[in-house]
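Asks: Residue numbers (this note's numbering), protein chains in the order written: chain A, 70 to 185; chain B, 1260 to 1373.
I should point out that these hints are in silico values taken from the structure, not numbers from a laboratory.
Every residue gets a Cβ at the ideal spot worked out from N, C-alpha and C, and that includes glycine.
Heads up, a few of these hints could be off.
[Said to hold, decoys possible] Partner residues are not named here, just some residues of chain A that face chain B (Cβ under 10 Å, in silico):
id: 1; residue: Phe-103
id: 2; residue: Met-114
id: 3; residue: Gly-122
[Claimed, not checked] Pairs of lysine to any residue, SDA-like flavour, derived with a Cα cap of 25 Å:
id: 4; chain 1: A; residue 1: Lys-110; chain 2: A; residue 2: Thr-144
id: 5; chain 1: B; residue 1: Lys-1360; chain 2: A; residue 2: Tyr-127
id: 6; chain 1: A; residue 1: Lys-124; chain 2: B; residue 2: Phe-1359
id: 7; chain 1: A; residue 1: Lys-110; chain 2: B; residue 2: Pro-1299
id: 8; chain 1: B; residue 1: Lys-1308; chain 2: A; residue 2: Glu-172
id: 9; chain 1: A; residue 1: Lys-110; chain 2: B; residue 2: Asn-1334
id: 10; chain 1: B; residue 1: Lys-1330; chain 2: A; residue 2: Glu-172
[Stated by the list, open to error] Have a look at the derived ranges for each label pair, beta carbon to beta carbon:
id: 11; chain 1: A; residue 1: Glu-128; chain 2: B; residue 2: Arg-1336; range: 13 to 21 Å
id: 12; chain 1: A; residue 1: Ser-123; chain 2: B; residue 2: Thr-1356; range: 19 to 27 Å
id: 13; chain 1: B; residue 1: Lys-1372; chain 2: A; residue 2: Gln-181; range: 23 to 31 Å
id: 14; chain 1: A; residue 1: Gly-130; chain 2: B; residue 2: Ser-1273; range: 39 to 47 Å
id: 15; chain 1: B; residue 1: Ser-1311; chain 2: A; residue 2: Leu-143; range: 50 to 58 Å
id: 16; chain 1: A; residue 1: Glu-128; chain 2: B; residue 2: Thr-1289; range: 32 to 40 Å
id: 17; chain 1: B; residue 1: Ser-1311; chain 2: A; residue 2: Pro-155; range: 39 to 47 Å
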Amino acid sequence: GAVVSQHPSWVICKSGTSVKIECRSLDFQATTMFWYRQFPKQSLMLMATSNEGSKATYEQGVEKDKFLINHASLTLSTLTVTSAHPEDSSFYICATTEGNGNEKLFFGSGTQLSVL
Amino acid sequence: AQSVSQHNHHVILSEAASLELGCNYSYGGTVNLFWYVQYPGQHLQLLLKYFSGDPLVKGIKGFEAEFIKSKFSFNLRKPSVQWSDTAEYFCAVTPFTGGFKTIFGAGTRLFVKA
Chain A
70 GAVVSQHPSW
80 VICKSGTSVK
90 IECRSLDFQA
100 TTMFWYRQFP
110 KQSLMLMATS
120 NEGSKATYEQ
130 GVEKDKFLIN
140 HASLTLSTLT
150 VTSAHPEDSS
160 FYICATTEGN
170 GNEKLFFGSG
180 TQLSVL
Chain B
1260 AQSVSQHNHH
1270 VILSEAASLE
1280 LGCNYSYGGT
1290 VNLFWYVQYP
1300 GQHLQLLLKY
1310 FSGDPLVKGI
1320 KGFEAEFIKS
1330 KFSFNLRKPS
1340 VQWSDTAEYF
1350 CAVTPFTGGF
1360 KTIFGAGTRL
1370 FVKA
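Okay, chain A solo, but in the shape it has when bound:
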């Protein structure tokens, strides 16, 4: 199956700094990338959907200026948490599909962000 590589797996940063998370599709072209976040004991919540070469679509309540998503190529999508605050501490995970989006998801390994 498709392989999605996500880096870093864990990052600790100071409040006010920015953190970039990368997701790469290693053996296929990911037209669409979904970005989720998960708080402890809660569901994976969809933050945004990015499509290669176009602006990301953000879910209600997600600040697009805070969570910058770039999907410049068919193999790389990035999520940048800008001016991070402790409440941004969470588990962020990317996922993609091989097809048109209604099929199964292939997940990255996730990034645990801790903002001090």
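The hints should help you fit chain B onto chain A, whose structure is shown.
Replies: Frame of chain A; chain B shown alone:
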């Protein structure tokens, strides 16, 4: 709002016990249904899926799930669990509208005692 509800956050079973994890969703239209599993230290991966046809679907490692449309449920079952089934299980629903955004349940952590 659309949601997916998993009935148990934590389940502890002994080996050979039977397993049933509940999942209900709130969406009236056509959906694709999934169970994903995350073993310790590994990525989330697909366990089984239902798109159409026979509502009883079989997945990997002896798991099966039954789609009951009238109950908006998609419960996961396994007749006899093994220690290696210790993992976190997520039910997920992809509605056919709204850009195929997959909605996840909160997950159920299963611990199987050897």
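Asks: A closest beta-carbon separation below 10 Å is what the hint needs, so does A:Gly-122 meet it against chain B?
Replies: violated, 17 Å
Asks: Under 10 Å is the threshold here; is the Cβ of A:Phe-103 close enough to any Cβ of chain B for the hint to stand?
Replies: Holds, about 7 Å.
Asks: Taking 25 Å as the top limit, are the C-alpha atoms of A:Lys-110 and B:Asn-1334 close enough?
Replies: holds, 20 Å
Asks: Within 25 Å, alpha carbon to alpha carbon, are B:Lys-1360 and A:Tyr-127?
Replies: Distance of about 11 Å is within 25 Å: holds.
Asks: In this structure, is the beta-carbon distance linking B:Lys-1372 and A:Gln-181 contained in 23 to 31 Å?
Replies: holds, 28 Å
Asks: In this structure, is the beta-carbon distance linking A:Gly-130 and B:Ser-1273 contained in 39 to 47 Å?
Replies: holds, 42 Å
Asks: Given the hinted pair B:Lys-1330 and A:Glu-172, is their Cα-Cα distance within 25 Å?
Replies: Status holds; Cα separation ~23 Å.
Asks: Take a quick look at whether A:Lys-110 and A:Thr-144 sit within 25 Å of each other, Cα to Cα.
Replies: violated, 31 Å
Asks: Starting from the range 13 to 21 Å, see whether the pair A:Glu-128 and B:Arg-1336 falls in it by beta-carbon distance.
Replies: Cβ of A:Glu-128 to Cβ of B:Arg-1336: about 32 Å, so the range 13 to 21 Å is violated.
Asks: Tell me if the straight-line CA distance from A:Lys-110 to B:Pro-1299 falls inside 25 Å.
Replies: Measuring from Cα to Cα gives roughly 16 Å; hence the hint holds.
Asks: Evaluate the given range 19 to 27 Å for the C-beta pair formed by A:Ser-123 and B:Thr-1356.
Replies: About 20 Å separates the Cβ atoms of A:Ser-123 and B:Thr-1356, which means 19 to 27 Å holds.
Asks: Look at the Cβ atoms of B:Ser-1311 and A:Leu-143 and judge whether their distance stays inside 50 to 58 Å.
Replies: Taking Cβ atoms as reference, B:Ser-1311 and A:Leu-143 lie about 29 Å apart, which means the hint is violated.
Figure legend: structure checked against the earlier numbered hints; hints not met, in rising order: 3, 4, 11, 15, 16.
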